[in-house]
Structures are given as C-alpha cells and as structure tokens.
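Those sequence lines, one after another, are chains A and B. Under the working numbering, the residues of the first sequence are numbered 4 to 187, in order. Under the working numbering, the residues of the second sequence are numbered 3 to 103, in order.
Since the hints were derived computationally from the structure, they do not count as laboratory data. Just so you know, not all the hints are guaranteed correct.
A few chain B residues that face chain A, going by a derived Cβ cut-off under 8 Å, partial list only [said to hold, decoys possible]: (1) 24; (2) 27; (3) 28; (4) 29; (5) 56; (6) 60; (7) 67; (8) 69; (9) 72; (10) 77; (11) 81; (12) 82; (13) 84; (14) 101.
From the three backbone atoms N, C-alpha and C, an ideal C-beta is built for every residue, glycine too.
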Amino acid sequence: MPESLERYRLPAEVQERLEELEELSEKAEEGDKEACRELKRAVRESAPAVIARASDVSRRAQHMLIETASGGSKLTQYALSGRLDVMREEIAGDNPTPLEVLLTEQVVSCWLWLTLFDVLNSAQFQRKFPDGAKRASPSYLRHMVKLQESAHRRFISSIQALARVRKLQAGTPGVQFNTQINLR
Amino acid sequence: MAWETRNGRSYYYRSVRCGDEVHKVYVGSGELARIVHERDVISRAAEEHGRQEERRELERLEALCAPVLELSEAAEILTRAHLIAGGFRRHKGEWRRARIP
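Turn these sequences into a full structure, and let the hints guide you.
Quick look at the structure:
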C-alpha cells in the first residue's frame, strides 16, 4: 500500500486487539470456557475503543473513495457526502449500538466502493465510445469486473451481518409467512 | 517481428497469432519493409505503454479498496466476538442462542 494511504489503515494496537479477539472467539467456539470468560471481558473492555477507531478510519477511507469517484468535482463530492449521511441515518436508525454503527459504516463504505466500480465499468461498456477515448484492454476489464464482483459480495454480506446482529440482539424470532394454497 | 537474411538480402516477417497458433507472415524487403518495421516497433511500444498505464491504474484502485477490505474484516471479527460473548453459537453456519446448561 502506498505511504499516502497508510493513514487509512487500522493502527497497530487496533490490529493487535482484533487478533486477540479473533483468537479468543475461536477458542470459545471450540468450547474453551476460560476463553469464553476472557472474551466477554475483552468485548466489554477493549471492543468499544476498537469499534470507535475502526469507525473513524472507515469514515476517512470513505472520504478518499469520494474524492476518487467525484473526479475532482466539488459538487459531486458534496452530493456523495450528503448521500452517505442520509444512508447512515436511515441504516443506523435510532439509538444504534457501537457495533451497529460500525456495521453501518461498513455497509456505507461497501456501497461507495461498489458505486465507484459501477461507474468506472459502465463507462467502458458503452456501445458508443467518445471520440479520442481509448477502450481498455480485455485483461484490464476482467480485473475491473472482478473488483466490482468483490465489492458486490462485500456489500451484500455487510447488510446480512447488520441484519443478523439486529435480529439476534433483539431476541425476536424471524418473521415467518405461511401461505395456504388450495388446489382443486 | 523479425528480419531474416538470405543471400545477403534482408526479409521482414511478422508473427501473427491465430487462436493457439502463431503464423509467420511475410511483409517485404528493402526500404518499404524497413518503414513498416519501424511503424511496428512504435505501435508495439505504444501498446506496452498502455499496458503499463493500466497496471498502474489497477494498482491504484486496489490500494483504494484495501482500507474497505481491512475494515470489513475488522467488522467480521468484532461481530463474531460480540455474538459469542453474547451467548450465541454457530450451528451449521447459522447463529443460534446457546443453550444454558
């Protein structure tokens, strides 16, 4: 990663906390009761700070993506920033937990990432190409479509993660529809 | 692209790919062949330059996506830790509240 992008990365101490949480989660899932107790303590004590830092870095990364997607147009930058604010409000809802805030940031970031690649790729697939513009090579397009697919998968899984956390934290069973169809 | 010399005279050939096969196509000899060869060298250099530009652009875009990927992974770890600490267990890929013994 270029040096200019280093400030969009998670700090080393946050990475360490994440590794610790991951290790404890694995042990707890395998049935280690001591690890489970330790995980509860770590989630209570260190997770809020980690979540806050991750959310902060996420916002900075969004800003960087906005700058790229807008192509230097201030108006587009403001419009995209405003759109993200509206999305955040709509998705996070009232009184979100810190984890919901982080997952909301993830949904918003993935949406922005996906939108950026939608715009870049759709320009390449235009039937009529502007005069003087050069069409990209097939290998470049293949790579771009792969990145777009990856963005799409991340976007969907981020929405699923938020929905799952809400459903499980609310402790309510999923809605079930039973439809009766009478056939003669 | 190659020059072949026979009996002291140079002949210019191009390599043309047809599917999996590469064919050698005769272009000519003398001054005209030299001009065609120079044009081929220039267009090949332009193609290489274009490929390098594309590689740089892809690297830039991948670097732009890296923080989002890193944050997605962080969010996954934190979600999993919260759910396990909250008394949930994964059963065949589905999260369920663990039974209290």
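Numbered hints the structure breaks, given as an ascending list: Structure breaks hints 1, 2, 3, 4, 14.
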